[in-house]
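Using the hints provided, position chains Y, A and E relative to the given structure of chain C.
Protein chains: 4
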Amino acid sequence: MDVHTFGLRTVGLRTGADAPVVPKTMKAWVLGGPNEMRLVEKPVPEPGPAEALVRIDAAAICATDIEVLAHGLPAMVAGGLPFNRNFTFGHEYMGTVVRLGPAVDEFRVGERVTVEIHAGCGRCERCRQGMYTSCLNYGRPEKGHRANGFTTDGGFAGYAVNHINTLVHVPDAMSDAEATLVVTAGTAMYGLDVLGGLIAGETVVVSGPGPIGLLGVGVAKALGADPVILTGTRAERLALGQHLGADFLINAREEDPVAAVTRITEGRGAHLVLECSGAPDALDASARMVNRGGRICLAAFPHERVMVDVAHIVRNNIYVYGIRGEGRSATHRAMALMRQKRFDAKAIHTHTFPMAELPTAIHYARERIDGAIKVVVTK
Amino acid sequence: MDVHTFGLRTVGLRTGADAPVVPKTMKAWVLGGPNEMRLVEKPVPEPGPAEALVRIDAAAICATDIEVLAHGLPAMVAGGLPFNRNFTFGHEYMGTVVRLGPAVDEFRVGERVTVEIHAGCGRCERCRQGMYTSCLNYGRPEKGHRANGFTTDGGFAGYAVNHINTLVHVPDAMSDAEATLVVTAGTAMYGLDVLGGLIAGETVVVSGPGPIGLLGVGVAKALGADPVILTGTRAERLALGQHLGADFLINAREEDPVAAVTRITEGRGAHLVLECSGAPDALDASARMVNRGGRICLAAFPHERVMVDVAHIVRNNIYVYGIRGEGRSATHRAMALMRQKRFDAKAIHTHTFPMAELPTAIHYARERIDGAIKVVVTK
Amino acid sequence: MDVHTFGLRTVGLRTGADAPVVPKTMKAWVLGGPNEMRLVEKPVPEPGPAEALVRIDAAAICATDIEVLAHGLPAMVAGGLPFNRNFTFGHEYMGTVVRLGPAVDEFRVGERVTVEIHAGCGRCERCRQGMYTSCLNYGRPEKGHRANGFTTDGGFAGYAVNHINTLVHVPDAMSDAEATLVVTAGTAMYGLDVLGGLIAGETVVVSGPGPIGLLGVGVAKALGADPVILTGTRAERLALGQHLGADFLINAREEDPVAAVTRITEGRGAHLVLECSGAPDALDASARMVNRGGRICLAAFPHERVMVDVAHIVRNNIYVYGIRGEGRSATHRAMALMRQKRFDAKAIHTHTFPMAELPTAIHYARERIDGAIKVVVTK
Amino acid sequence: MDVHTFGLRTVGLRTGADAPVVPKTMKAWVLGGPNEMRLVEKPVPEPGPAEALVRIDAAAICATDIEVLAHGLPAMVAGGLPFNRNFTFGHEYMGTVVRLGPAVDEFRVGERVTVEIHAGCGRCERCRQGMYTSCLNYGRPEKGHRANGFTTDGGFAGYAVNHINTLVHVPDAMSDAEATLVVTAGTAMYGLDVLGGLIAGETVVVSGPGPIGLLGVGVAKALGADPVILTGTRAERLALGQHLGADFLINAREEDPVAAVTRITEGRGAHLVLECSGAPDALDASARMVNRGGRICLAAFPHERVMVDVAHIVRNNIYVYGIRGEGRSATHRAMALMRQKRFDAKAIHTHTFPMAELPTAIHYARERIDGAIKVVVTK
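Keeping their order, the protein sequence lines are chains C, Y, A and E. Under our numbering, the first residue of the first sequence is numbered 1, with each subsequent residue one higher. Under our numbering, the first residue of the second sequence is numbered 1, with each subsequent residue one higher. Under our numbering, the first residue of the third sequence is numbered 1, with each subsequent residue one higher. Under our numbering, the first residue of the fourth sequence is numbered 1, with each subsequent residue one higher.
The shape of chain C in the complex, shown without the other chains:
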């Protein structure tokens, strides 16, 4: 298979002088049964009002993609529905605008863009409040909601349609691969937003050195948090956290993280915890790490119900914020820091494969082969 079938970089594209040639069909990876994916030929979709067609240039693999591949889409899982065959997954992608919907002038043909996942319906109570990741019409594209890769076709394909609200301009100096990391950085940024936003000089614990946690370290440090404490179990991930700016590393295999935070803060506790591990005891541990009035953002979660010391949360005036994805246009703020090189997001990008080899790429990501963290596929 020829990777070039995933798109065609037209000379002069960035000037907008010539409209790029967009084929009628494209290659796209689609879900089959559990852990099955196939490469098929699909029509290239048409952008509607407030939408743009994006030629996919690169896409990163997220742990959620692996879960979707194995278990189906969240909406289907929740609804007890069968696997959604023919659905294209992949939600951390970037590319080039090749076609604009009616009245769209916010972006230009030829412009490089990266994406955030959620386009709210714009008509429910939550969207009208600006809380579009909590859209009450989630999963109802006829109402305007889109979550590419979750409820509408995503980015493991030649092209994708995106609502313009989900596009973020990519500066020339940023590589395609780095640009795919904006949604991850944006999720970390959003987590810090809901924790209050004023974090210069605050003690921030990031729990779990996965991609969101590692970029959470980078964003928190860029915004002046001091110290940033990273907890985890793998030494090489912790070392990467140090590269991204962590002031203290706690290896949970060597020291109890709550005790370590108490020690580092000289008994005062942390102000904020960005919980990205999803460990069963993570909420309880987070609540023991913060001081009275402290705040916890849950950006990950255990799949089973877990024991929680609710009394401790109440007695200590602790606030707990569950977040889904990257709201409040946080991807734009994350990109602003990245384009100013405030932290080295691309440090978490470890492997690249052609999109035609997506199964291999996913295998690397899932099994963490060769220290894989973020695996990117490119057209």
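No lab work stands behind these hints: they were computed from the structure. Since the model is a prediction, treat every value here as computed from it, not as a measurement. Backbone N, C-alpha and C define an ideal beta-carbon position, used for all residues, glycine too. Hints may contain errors.
Calculated lysine-lysine pairs in the DSS-like style (CA-CA distance at most 27 Å, straight line) [stated by the list, open to error]:
#, chain 1, residue 1, chain 2, residue 2
1, Y, K24, Y, K42
2, C, K346, E, K341
3, C, K42, C, K24
4, A, K341, Y, K341
5, Y, K341, A, K346
6, Y, K346, A, K341
7, A, K24, A, K42
8, C, K341, E, K341
9, C, K341, E, K346
10, E, K24, E, K42
Here are the in silico distance ranges between beta carbons for each label pair [said to hold, decoys possible]:
#, chain 1, residue 1, chain 2, residue 2, range
11, E, R38, A, R253, 32 to 42 Å
12, E, P102, Y, E236, 50 to 60 Å
13, Y, N86, E, P102, 21 to 31 Å
14, A, T262, E, G196, 56 to 66 Å
15, C, T262, Y, T262, 48 to 58 Å
16, Y, T352, A, D370, 53 to 63 Å
17, E, G196, A, M307, 28 to 38 Å
This is chains Y, A and E only, laid out in the frame that chain C set:
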């Protein structure tokens, strides 16, 4: 024993024309061993800077008083310390200002006042943010922190010293007994504050028709919440909730509350839950009652660790706010509604005893004898 | 002219059993030259996605309508454009849903609705933050923005198309005329929202007893503000403010309002001012009425530039919020209070005319004939 | 005169091993008549509860000091009072803790500290909300309020007493002179806080390259604002702004700043303006620079009343925040950025004199001799 030893109402007190006679000693109830209390003679304390001496005219019994009597003060319990003998408990009281500390002119001698519990230290990070119920010097009176009835002597006595920050003026038309309910109403008000404050037209579930829940119904309705749904297990308590303004009552013995909220909201879910039951499954049930982006305030808690579906909270962008007491001067806002007769707080006041009969009063409150809800003792 | 040409109330409409008959054309008032208006026949518009067609049952006249009639639309005025002939004005209307756009199930045919003015584009930065009244695509309907009566055809006509975001359900028990007042009450509500929302027990000054000011008194009092002080120059308007809940009335012809607020608050000053007079000295006076850290919402403005003591604002940490219209879904909160009869909005409705007599109705409103405040035209 | 009379650096002070020798009296500069100052001998003050005695090691001169010297203290000016003779001015100082009040363990003897100005009373409504710079007991030290250099003795002296809330730890690696700049940086930080705090990627205009404006550029850029546009009239100050991170410089003598911002933002306008010039047309110009829904912080002000286009503010939903000083513990956030070397605050420090030569130092600062910006006096 003569109830009058608890204080002396001087003629003309309200005019401030004559300074009241304040004795050197007073009767005070103090903690002994578990479930022991004794009436002793204690010196009347002196108000310092920014403090006032209050003659106690009435005090309500809170479930926490009963717990303190049985198990000791929270700070001691947390610290594994022995019972604090000679400590005066009681934190929901009102009375008359009889002496002012230096430079205090915010209140007058002879003025009727009710109280909130927490006087923050005014010097820690949280107090400086206005989060005085999360004071980081909790339990350290030498730093300025006071929580009368918890860390400093409380109101089951003839007199108590209060920081002026904890005093709320009582209008002439309000009875002593009703005024003791301000701290309970203020806690409910604070719970609604942290949920966002703009609740006119919002669907609010109040879970648990104890005193805070019942007054939570009253406050939520006064602020325009619509509908207010009250869940509970006792028919007479639910009826009282209706009297206080609840639009829907759910008896959890007859219908699953989550199913009922879904039914009442036609599948949309509630916006906000004020959880006042402390039931083991309350957090999980609350999270199932709200819609995406919904908010839950935990004003009560189970004493044991409980199973929680954290994944549901995260996936649905739910925020959970633990609260301790009645911050952000919410007692003043609660009093503003009460003096304007926006809800009938005194409906939860069921029994009155002289303070000399505190053990009997507590017995009524603990055993809910004769339908007791709020039992008030008076001088 | 027959008023019935403005619409047709079909029997059984509210049951939704029968689709109403919608004619192809309708009567509509349109702007001509300055202070000219004509009644013309226009096509009935078609609702698009996320839109509904509303048969106008009643419309209130706003001071802004009179200004638009005299000076043209704000966008035109700002742009130095000629009068927009053939444009239908009127923005405070209510009616009945008679047709739904594709995928609209949020409202039913036959449902009574009232409106707010602004439908943001849903795709600019401000809309995405939830600040749709600050839409950066104001005046660009091709981008999705609508402000009926200002940038898109309004309500002095038989029918109007509305984005569903701008519709508010009207309960059966509320009259058509009262329902037209929701946008006015919603503007006052929004003003109080931006001032912080927690106003129980706060001292609120409402400056200027026009429609917004009078309903601002009603809303502030409903939310527990205490006291509410109303300033104005006309005794009968002030008396109406008292009916709506004002605790103190200041007649600026008899007493300097700043001095009066100082007197009433015993020198402490007010917490909040909702400025609805647009008087040249209003901002300065408001800044003298509030205490340090006080807040002022400007819901009206003088047309000329005015002298302002900026130093006083800065030295006293005062925040000033300009508002345009009725954002943050405040109309829904206003309606929630109105349907619960928390204040008597209809007290400001003084006159009713058939829509065919709009010129007369406007004459009454402009000249305040017979004490006219809100003049309503009905089909 | 011997500069050493201003304090005595004891060997081993930082270890806290030996208590420093504190003399009974000290030299202090005090106000005389207008533009008169004298060096006198005063008793060294005693720290009370929650206070520390600081030996002044360095103090920066602020424009407000020059104004106080010429016109008297603000409180006196407002009250029409005569000059406050014997009052020690100076409010941007740093030094070494030499004595602790009762129960103070938040700081150690020998610790280097810098200060913020305002210690709120801790007992008024505003302080209880955390708004201590809006303290309602401003100027009433008997109620606990302090504003050293404004209402209580300041830092042009050998020693000063500070409430611990106003102290900020100075890291070893930071020079005395740089540490005096924290209050200036903190004021800029506070200005950005009230503008919303989430400024990564926002377009921020800083108007006026005085000390606050220049450090405002540094703080805004450190937090990720992009672009930061600085307007001013002096080329060398603008160049310094570039050094501190400004992306665009506008010389108002060469281009109209509003036109320039419009050009730079390609017509979109800025999100935020931090107004630090105090120019008569600054508020109007700021309002023309921001887009709909934009925000303006006024950190400076013209001394006379000025013409303002209030209509433009209201029509465009603009919010205007007056700020007095450096609230919300912003000095701590500013110090966090400075100790992490996120911007080069010391670039604005141009001259140093011994404190004994304060008149000369003030002369340099007032007349901007030799390009003086921040002039620091040291013991």
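Going through the hints against the structure:
1. A hinted pair counts as satisfied when its Cα atoms are at most 27 Å apart, and K24/Y with K42/Y qualifies at roughly 9 Å.
2. Among the hinted pairs, K346/C with K341/E is consistent with the structure: their alpha-carbon atoms are about 24 Å apart, no more than 27 Å.
3. Our distance criterion of 27 Å between C-alpha atoms is met by K42/C and K24/C, whose separation comes to about 9 Å.
4. With a CA separation close to 16 Å, the supplied pair K341/A and K341/Y stays within the 27 Å bound.
5. Our distance criterion of 27 Å between C-alpha atoms is met by K341/Y and K346/A, whose separation comes to about 24 Å.
6. About 24 Å separates the Cα atoms of K346/Y and K341/A, which keeps this hinted pair within 27 Å; it holds.
7. Distance restraint check for K24/A and K42/A: the Cα-Cα separation of roughly 9 Å lies within the 27 Å cut-off, and the hinted pair is therefore satisfied.
8. Among the hinted pairs, K341/C with K341/E is consistent with the structure: their alpha-carbon atoms are about 16 Å apart, no more than 27 Å.
9. A hinted pair counts as satisfied when its Cα atoms are at most 27 Å apart, and K341/C with K346/E qualifies at roughly 24 Å.
10. Of the pairs offered as hints, the one joining K24/E and K42/E holds, with about 9 Å between alpha carbons and a cut-off of 27 Å not exceeded.
11. For the pair R38/E and R253/A, the supplied restraint of 32 to 42 Å is violated, since their beta-carbon distance comes to about 53 Å.
12. Between P102/E and E236/Y the beta carbon distance is about 53 Å. The supplied range of 50 to 60 Å therefore holds.
13. At roughly 24 Å, the beta-carbon separation of N86/Y and P102/E lies within the given 21 to 31 Å, and the hint holds.
14. Range check, T262/A to G196/E: about 33 Å between beta-carbon atoms, so the 56 to 66 Å window is missed.
15. Checked against the given bound of 48 to 58 Å, the beta carbons of T262/C and T262/Y, roughly 43 Å apart, lie outside it.
16. A beta carbon spacing of about 57 Å between T352/Y and D370/A agrees with the range 53 to 63 Å that was offered as a hint.
17. Checking the proposed 28 to 38 Å range against G196/E and M307/A shows it holds: the Cβ atoms sit about 29 Å from each other.
The structure shown violates the earlier hints numbered 11, 14, 15.
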